[in-house]
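Undergrad: Listed below are the residues making up each chain.
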Amino acid sequence: MLELEVKQLIIAALQLEDLSVADIDTDAPLFGEGLGLDSIDALALRLAVQKKYGISLPADASHHFASVRALAAMLHSFHG
Amino acid sequence: MAESVFSLARLAQTISGRPVQDLAGWRAGQMVSYGELAARMADWSALLERHPGQQFALYLDDSLEFGAALLGAWQAGKTIWLTADVLPASCAALAASVDGFLGQFPPEHAPLTASAGGCAAPDWRQLADEFPALVVHTSGSTGAAQAIPKKLAQLGTEVQTLEQLFGRHAAGAAVVATVTHQHIYGLLFKVLWPLVAGRPVHAHSVAFPEQLAPLLAHGPCVLVASPAHLKRLPDQLAWRAAATQLRAVFSSGGPLPYDSALAAGALLGRVPFEIYGSSETGGVAWRQRSHAVPGDDSWQALPGVAWRIDEDGALHVRSAHLADEGWLQLADRAQHTDGGHFVLLGRSDRIVKIEEKRISLSVIEAALLAAPQVADARVLVCEAPAGERQQVAAVIVCSAAGRALLAGEGKLALNRRLRQALHGQVDAVAMPRRWRYLEQLPINAQGKTTQALLLALLEPADLS
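Residue numbers (this note's numbering), protein chains in the order written: chain W, 1397 to 1476; chain B, 5 to 468.
These aren't lab readings, by the way, just hints derived from the structure by calculation.
Nothing here was measured: the structure is a model prediction, and the numbers come from that model.
There's no promise every hint is true.
[Claimed, not checked] In silico DSBU-like pairs for lysine-lysine, Cα to Cα no more than 35 Å straight-line:
| id | chain 1 | residue 1 | chain 2 | residue 2 |
| --- | --- | --- | --- | --- |
| 1 | B | K155 | W | K1448 |
| 2 | B | K452 | B | K415 |
| 3 | B | K452 | B | K155 |
| 4 | W | K1447 | B | K155 |
| 5 | W | K1448 | B | K452 |
| 6 | W | K1447 | B | K452 |
| 7 | B | K357 | B | K415 |
| 8 | B | K452 | B | K357 |
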């Protein structure tokens, strides 16, 4: 379950206290309202994803960070 | 350096005198010429000549358009108010001081924008040193509201200092930035200095490293960045081509840890030049870390800046970047080091810096106390290991309403409710990330709630 793994990565990498994977909606926007993530989290999450999966993001990667589902789909495409 | 070239007072003439096809920069992948820039300057100048007010707030994403609007406004004799954001609280505070809004403000403030009118170029004026060019405005959302006026000569000497110190690195290089020009660091490094020196600028700031790496690889360039980005450069990205083109990297807005500075240097090929300063003082000091002096955190004064440390450890500066010739005390404490430099020891007030944003802990506390769920509140910054984000923590004594919500819907629901209460008043990076709900605040034997007692509530961090 890549989506579950992504949620765990988000919680760990961004140190989101009090939040469990069940609190993160797979399809909800990751940034802005909702989880209350900001531009610094966007940087930190990019760093964590590239480190953990050993990938380098393309310049137009932003839409892959729209939701957990989008991020998981991107990782899936990287690793087949 | 020839005064005729490096003069802010005659910048409008200089720009309109450059060959019209010369490159001023790029926006959305398209080249922008000095002819186009001069035309926009004329449009903004004509718009503002028609408006009677004196004080105008300006906010634009695009640094070239911002430069045209700024210089056009100056030609029309207007003072520009610089705000870092367009949060409701910031706009409300500005509205009390300005006669109008320019650019990308919310519609309720009826912002003006110059239409592309093909206005004939006016006779560009030379501005006086004493001209009240700028007011740097920080609203209640990021600390006690402040309006810091800057005369043209103050900005001019800042630009001259940058050229004197770093000009040989930046010569012939395009300017790429991750920071906005809506604060003084970005305004100097991304707008005024490049326009004065005639260096092309990428008009839009770059949000993410994966966009930065290919952009830097295009040609000779300098990077105007901040620790928020430089601490988080993924080494998986292809930086090698960027490193061959980078001539200098600048960092300001907050401290860059020694290890992060060298790690950024290893990826980008240039160890960042760090600049220490503030909206009030302008540029104060600089440094470039090196392997030769491991762990060195000391700062060297910029040319023309005198400094001293008082008996309480507070840093004072005197320079041409200030409004007058007197000494100005900073809120930072400092200590002398060998070699005539100084190290910073932290703030002496309740303003903290998180990811380069100035945050007033008192303001967050006041906003929390206004929420019906809160009876008492203390806000503090958790110490973070190097490279990790500093988090704001809120220790809350609940009101009856707060206790009911906590019992009925749980801690996460109350966290969210209080975050909503802070929304619009507190910048996103300053939103409390860690919440503690208590029956009463911890006190020591003297009846005081100390920082140490509050910090103890926050560890160990259980993130499992």
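Undergrad: State for each hint whether it applies.
TA: Results of checking the hints against the structure:
1. B:K155 / W:K1448: violated, 50 Å
2. B:K452 / B:K415: holds, 27 Å
3. B:K452 / B:K155: Distance ~45 Å between B:K452 and B:K155 Cα, so the pair is violated.
4. W:K1447 / B:K155: violated, 47 Å
5. W:K1448 / B:K452: violated, 45 Å
6. W:K1447 / B:K452: violated, 44 Å
7. B:K357 / B:K415: holds, 27 Å
8. B:K452 / B:K357: Holds. B:K452 to B:K357 sits at ~25 Å (cutoff 35 Å).
Of the numbered hints given earlier, the model fails hints 1, 3, 4, 5 and 6; all others are met.
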